[in-house]
Amino acid sequence: MSIPNPGRIEPVLWDDWHPVAELAALRHGRRLDTGLLGRPLTVTLRADGAIDACSGPHALPHLDTRYGFVWACLGAPVRDIVKFAAADEPDRIPVTGGSMAVAASGLRAVENFLDLGHLGYVHQGYLGEEPHTDIKPYTVGPREGGGIRATGCRVYQPRPSPADTSGYEVDYIYEVHRPYIVVLYKANPVDRTRMDLIALLLQPVSEESCVAHSFMSYPPHDVNEKSVRGFQQLIFGQDRPILENQLPKRLPLDAKAEISVRADSSSAHYRRWLSQLGVRFGAIPQAPA
Amino acid sequence: MNRWFAVARGTEVPRRHVGHYLLLGQELAVWRSDSGAINAWENRCPHRGVRLTLGSCEGEELRCRYHAWRFASVSGQCTLIPAHPGQKPASTVRVRVFAAVEHDGFIWVNLAQGESPTAPTRVAHVLDSTRSIFVDAPLYAVRETLLDGYPVDSTASRLAVWSKDAYCLSAGNPDHAALVTFLLQPVTDFQTVIHGALHTTVEETARLARLRRHNAAMGTVRDEAERRAAAATGGGATA
Chain A
1 MSIPNPGRIE PVLWDDWHPV AELAALRHGR RLDTGLLGRP LTVTLRADGA IDACSGPHAL
61 PHLDTRYGFV WACLGAPVRD IVKFAAADEP DRIPVTGGSM AVAASGLRAV ENFLDLGHLG
121 YVHQGYLGEE PHTDIKPYTV GPREGGGIRA TGCRVYQPRP SPADTSGYEV DYIYEVHRPY
181 IVVLYKANPV DRTRMDLIAL LLQPVSEESC VAHSFMSYPP HDVNEKSVRG FQQLIFGQDR
241 PILENQLPKR LPLDAKAEIS VRADSSSAHY RRWLSQLGVR FGAIPQAPA
Chain B
1 MNRWFAVARG TEVPRRHVGH YLLLGQELAV WRSDSGAINA WENRCPHRGV RLTLGSCEGE
61 ELRCRYHAWR FASVSGQCTL IPAHPGQKPA STVRVRVFAA VEHDGFIWVN LAQGESPTAP
121 TRVAHVLDST RSIFVDAPLY AVRETLLDGY PVDSTASRLA VWSKDAYCLS AGNPDHAALV
181 TFLLQPVTDF QTVIHGALHT TVEETARLAR LRRHNAAMGT VRDEAERRAA AATGGGATA
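So the sequences go chain by chain: A and B.
No gaps in the numbering here: position 266 of the first sequence is 266 in my numbering, and each next residue is one more.
No gaps in the numbering here: position 19 of the second sequence is 19 in my numbering, and each next residue is one more.
If we strip away everything but chain A, and leave its shape as in the complex, we get (with noise of 0.2 angstroms):
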């Protein structure tokens, strides 16, 4: 029943949930065809609402939906789809931003989103601005629950959400739930007791290519969806061809294939744990020592 597994790619991969598509992109009596860990997927939506997904003659027996996405696992899974706590709060209002396929391996897709450093470059004028270019010291661990954590991330930003005209310096927390799923929460520009929550999830369709969902949730404070998704597919399109024109495409764990800085610590974490895990698919392992 299960679906073969001919690359032997890393059961912490396999045996995870991953996105691989947006409810709202599927359409009645439409096959969507996409790909997941080097195997070729098509999602079905049927005219009485199920959704049905193959892998070439497979059907595929884990399926489910969160987040208003498409979820599948190729394996056995061992443990539910990524869950955001702050998401379930009542009164907050989830919005998803859609999702871009990127030639490039999902890991340095979420490496980007991790990335301070680039804000007010390649987001210059909305997420970071000369001269506020220097990054403080933030602090990185591990995250209770797996993954790691980055806190104390300040960062100036001009035009920090959709709702904000006015620049000011904005708190971050980053946190890394499993290889290709990444989150942030920043302050709420109109409540800064509470955090929006911005998510990027990542479909590792082979070890080059991806497609970036995201997932927002928000306190209810002047939130519009429309601007919302457009703000979001703003930013992440002006990450794209960044990604797009990395050497190499997979994302290399060994300390000494990039030359990293104090301000590049989450990348570094990020690297380090992608290695204890032992995640190949995506990645240039680190040399045997």
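To be clear, the hints were calculated from the coordinates, so they are not data collected in a lab.
Source: prediction; values computed, not measured.
Beta carbons: idealized from backbone N, C-alpha and C, even for Gly.
Some clues are possibly wrong.
Think about it this way: if two alpha-carbon atoms lie no more than 25 angstroms apart in a straight line, the pair counts; the simulated PhoX-like pairs of lysine-lysine are [what the hints assert, rightly or not]: (1) A:136 with A:256; (2) A:256 with B:88; (3) A:136 with B:88.
According to the in silico footprint, chain A covers these stretches of chain B (three or more CB under 8 angstroms from chain A) [to be verified]: (4) 46-56; (5) 73-85.
Chain A is fixed; fit chain B onto it per the hints.
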């Protein structure tokens, strides 16, 4: 390989521009500093691997598009990391650079590292540098085809003087100095660019006739080189 190859004409690399070239499969970011130095760098920022051809040339420095790290002309040494503006970047933070010069109207690059590379081949006075031709064939097939098939002169016996070099071929007839020089750029193992230069001064009408003849000949040379390359690999899916 300690050899110089022409990768572009000098006019293709104006100031404040970063050009993307390929030599023997090595991606290059080629740029000219305001003071005139020619740089041919590995097309990859040492920080997070972003192509430097996305970056911008700012006089004597190239700035990476991703985090705006700055790298100095000639040395490739990092001069500024904006995330830590108060700290001087370590001497190990540098782009991998290749030897590059502008010589006789062409940009020449030598991929050899460590040794002091010898000077590039002299190209005699260039009258017209001609359109560069992209050929889907390895360098040896292009070279053979040029030796066999380029009409050196309509009247003289074909091929009087060919230099022996694999990548700089000059040809003429016994009564003249070189008429034409080809500079071969092995882009990859199966793609070659033919840069050409026509020599000797002739009258304007004769010159135009020669350029036309050259252009027609190059079309024939390309087709023939691609046919040979396809035959050699047993491929040739397209006729």
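Each hint, compared with the structure:
no.	hint	verdict
1	A:136 with A:256	23 angstroms, holds
2	A:256 with B:88	20 angstroms, holds
3	A:136 with B:88	16 angstroms, holds
4	46-56	holds (count 7)
5	73-85	holds (count 5)
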